[in-house]
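Chemist: Sequences are here, hints too, so could you generate the full structure?
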Amino acid sequence: MTEHPQQPAANDPRLNHAIDQWLDLHSVGVRPDQDTDEQVVDDMLSHLNDWSPEQASESLVDDTLAFIDQYEQDQRTSMMFESRRRLPSLPITMPEVAAIAAMLLMAISLGLPMLTRHRSDARRFACESNLATAGVAMGHYANDYNGIMPRGDARPGSAWWKVGGKAEQDVQSNSANLYLLAREHYINPRSLSCPNNENAPKDLSRDMHDWPEYNAVSYSYQNQYTPKAIKLNENHQLAVLADKNPLFYADRQALHHLADFDPNLPSTRHNRQGQNILLASGSVQWSRNPVVRGDNIWTVSGIDNYTGTETQRSTNDAFLVP
Numbered sequence: 004m005t006e007h008p009q010q011p012a013a014n015d016p017r018l019n020h021a022i023d024q025w026l027d028l029h030s031v032g033v034r035p036d037q038d039t040d041e042q043v044v045d046d047m048l049s050h051l052n053d054w055s056p057e058q059a060s061e062s063l064v065d066d067t068l069a070f071i072d073q074y075e076q077d078q079r080t081s082m083m084f085e086s087r088r089r090l091p092s093l094p095i096t097m098p099e100v101a102a103i104a105a106m107l108l109m110a111i112s113l114g115l116p117m118l119t120r121h122r123s124d125a126r127r128f129a130c131e132s133n134l135a136t137a138g139v140a141m142g143h144y145a146n147d148y149n150g151i152m153p154r155g156d157a158r159p160g161s162a163w164w165k166v167g168g169k170a171e172q173d174v175q176s177n178s179a180n181l182y183l184l185a186r187e188h189y190i191n192p193r194s195l196s197c198p199n200n201e202n203a204p205k206d207l208s209r210d211m212h213d214w215p216e217y218n219a220v221s222y223s224y225q226n227q228y229t230p231k232a233i234k235l236n237e238n239h240q241l242a243v244l245a246d247k248n249p250l251f252y253a254d255r256q257a258l259h260h261l262a263d264f265d266p267n268l269p270s271t272r273h274n275r276q277g278q279n280i281l282l283a284s285g286s287v288q289w290s291r292n293p294v295v296r297g298d299n300i301w302t303v304s305g306i307d308n309y310t311g312t313e314t315q316r317s318t319n320d321a322f323l324v325p
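According to the working numbering, the sequence shown is numbered sequentially starting from 4.
Hint data in this document are derived by calculation from the structure and do not stem from the laboratory. Glycine included, each C-beta is placed from N, C-alpha and C at the ideal position. Among the hints, a few may not be true.
To be verified - Label-pair restraints from in silico Cβ distances:
1) 100 - 254: 52 to 60 Å
2) 312 - 266: 43 to 51 Å
3) 100 - 266: 52 to 60 Å
4) 146 - 109: 50 to 58 Å
5) 218 - 135: 19 to 27 Å
6) 131 - 100: 45 to 53 Å
7) 139 - 317: 24 to 32 Å
8) 135 - 206: 20 to 28 Å
9) 193 - 294: 26 to 34 Å
10) 310 - 274: 39 to 47 Å
11) 209 - 306: 32 to 40 Å
12) 266 - 218: 41 to 49 Å
13) 308 - 142: 22 to 30 Å
Modeler: Here's what the structure looks like:
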């Protein structure tokens with residue numbers, strides 16, 4: 004029977020010494036020209052310089068780059084779907100959609116009339132403010148002209164409706180008498196424009212003698228074509244200026260009287276809801292009818308047919324034109 008040499012134990016000092024010798028760099032075999040461990044390592048790594056790796060083919064490079072691009076695209080897509088999955092869902096049925104739509108329509112149907120009314124009220128108040136400003140200007144004018152209301156070369160029997168005269172000798176309208184407030188710098192001419200008059204000019208000048216045409220006039224003024232000049236302080240309750248008289252309209256050739264129109268109806272300026280009226284006292288009142296202290300401000304007492312040269316018989320009779 005052949006006897007084998009006895010194997011050393013795992014913790015035998017001789018075995019550990021042999022392993023240390025095997026792991027020692029000097030055990031690789033140091034030549035006389037190698038003095039240090041670093042030189043041994045350098046010599047071992049220097050052989051790598053003699054190894055030339057094979058160049059990768061263009062197709063391999065392209066395939067690799069394509070793979071990288073596809074991977075990045077897949078990552079972005081995955082993140083997008085993941086973010087969508089994280090959003091809270093809002094389950095809603097068609098009946099609920101219909102109910103919401105009905106509520107919106109109801110809100111709109113209720114809101115639009117309110118907005119329209121607020122807009123109408125705002126314009127009415129702006130108009131009222133204009134008349135109040137005109138009242139102050141008229142008071143200053145009267146103080147400077149012995150109490151007389153704005154009045155040019157007003158001859159009784161002249162046409163009070165021919166708006167648009169560009170020279171003083173061409174002026175033949177009652178509105179030109181009112182425009183004296185602007186010509187003589189008592190008021191800005193823009194303050195004599197009602198916000199509800201879509202034909203009101205935007206470029207009125209103090210150098211003008213009158214409004215350019217009939218529809219451009221916003222307010223009707225107490226007719227000044229009377230035998231006697233009207234003083235502002237004679238009757239504080241006299242209506243002297245108001246929204247446009249609705250009984251007349253004119254073109255360049257003639258005045259037209261709406262004889263079939265009810266003279267007790269309000270001006271058309273504020274959707275026939277009423278009109279702002281300036282009194283000689285300087286106060287402004289909103290009235291649903293054109294009657295002030297029993298006097299209809301649109302008409303001359305005792306006259307039914309109009310040609311455009313009529314005048315009131317008394318200075319206490321309001322007749323606002325054109």
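Chemist: Any hints this thing doesn't respect? Which numbers, in order?
Modeler: The structure conflicts with hints 2, 10, 12 and 13, although it agrees with all the remaining ones.
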